Amino acid sequence: MRDIEKALARHSPSLISRDRIREAAVAMILRDRPEGPEVMFIQRAESENDPWSGQIAFPGGGLESRDADLADAAIRETREETGVVLAHKLQIGRLDDLQGSSHNRPINLMIGCFVYRLDLAPVTVPNYEVADIFWTPLALLRDESRRMDYLTPFREEPYPAIHLGPARHGADRILWGLTYRFVQNFLDITAP
Numbered sequence: 058m059r060d061i062e063k064a065l066a067r068h069s070p071s072l073i074s075r076d077r078i079r080e081a082a083v084a085m086i087l088r089d090r091p092e093g094p095e096v097m098f099i100q101r102a103e104s105e106n107d108p109w110s111g112q113i114a115f116p117g118g119g120l121e122s123r124d125a126d127l128a129d130a131a132i133r134e135t136r137e138e139t140g141v142v143l144a145h146k147l148q149i150g151r152l153d154d155l156q157g158s159s160h161n162r163p164i165n166l167m168i169g170c171f172v173y174r175l176d177l178a179p180v181t182v183p184n185y186e187v188a189d190i191f192w193t194p195l196a197l198l199r200d201e202s203r204r205m206d207y208l209t210p211f212r213e214e215p216y217p218a219i220h221l222g223p224a225r226h227g228a229d230r231i232l233w234g235l236t237y238r239f240v241q242n243f244l245d246i247t248a249p
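Note that the sequence shown covers residues 58 to 249 in my numbering.
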C-alpha cells in the first residue's frame, strides 16, 4: 500500500475546466488485506431514471450547494449510498478528471475521482441506489486474463472491460465505461 500512496502522491491529476459544466465526484476506496489491497465497488440498482443503471461503479454523485468542494461531494455521496464514513484525512490521491458520457455520447458532466484508504473493513449499508457492495482484489484488476471486450446494445464496437467474476445474484460482474477508465488510470499511475 505504501508504494500506491507514493505513486499517487507523485501524480499530478489532469483536471477538466469547470466552466459551464456540471460536476460530480466518486470515491475509489482501498483497504489493505494480508493477501494484498482490495478496491470497493458498488453495483448500481436497476432504475429507468439512471443512465448508469445496473453498472459496476464507485460510490459518488453530483456536487451540491452544501458541498465545499468535489472531495466533499465524494465523501457525502459515499456515506449516503453505502454508509461508509470517509474523511479528507483518509484521501491518498486524486485521479485524472473524466468527461461523462451516456449511451456513448459526451454529456455536460465532469467527474473527479478521489482515492481513499481505510485501515479497517467498514460496515456497509446500501441505500436504494445501490444493489450490492463488494470488494475486489487489486491483483484481479491487474490480471490481463480478466481483460475482455464488452458489447452493449447502444454501441456497435465493444468497450474494453474487466471480468470481475460472478455476482451474488447470477450474472457476471463486468467493469466497463467510466469506472473502468478510472481504474485503468489508477493502474497506470501505480504500475509496479
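No lab work stands behind these hints: they were computed from the structure. The structure presented is a predicted model; accordingly, all values stated were derived computationally and were not measured. One thing to keep in mind: the hints can contain errors.
Pairwise CB distance ranges, derived in the manner of DEER restraints [to be verified]: (1) Pro215 to Ala102: 17 to 27 Å; (2) Asp76 to Lys146: 43 to 53 Å; (3) Gln156 to Arg199: 22 to 32 Å; (4) Glu105 to Arg212: 11 to 21 Å; (5) Gly119 to Gly140: 17 to 27 Å; (6) Pro249 to Glu137: 27 to 37 Å; (7) Ala125 to Asp229: 23 to 33 Å; (8) Ala144 to Asn184: 15 to 25 Å; (9) Trp192 to Ser122: 12 to 22 Å.
Idealized CB from N, CA, C, for every residue including glycine.
Could you work out which earlier hints the structure fails to respect and list their numbers in ascending sequence? 2, 7, 9
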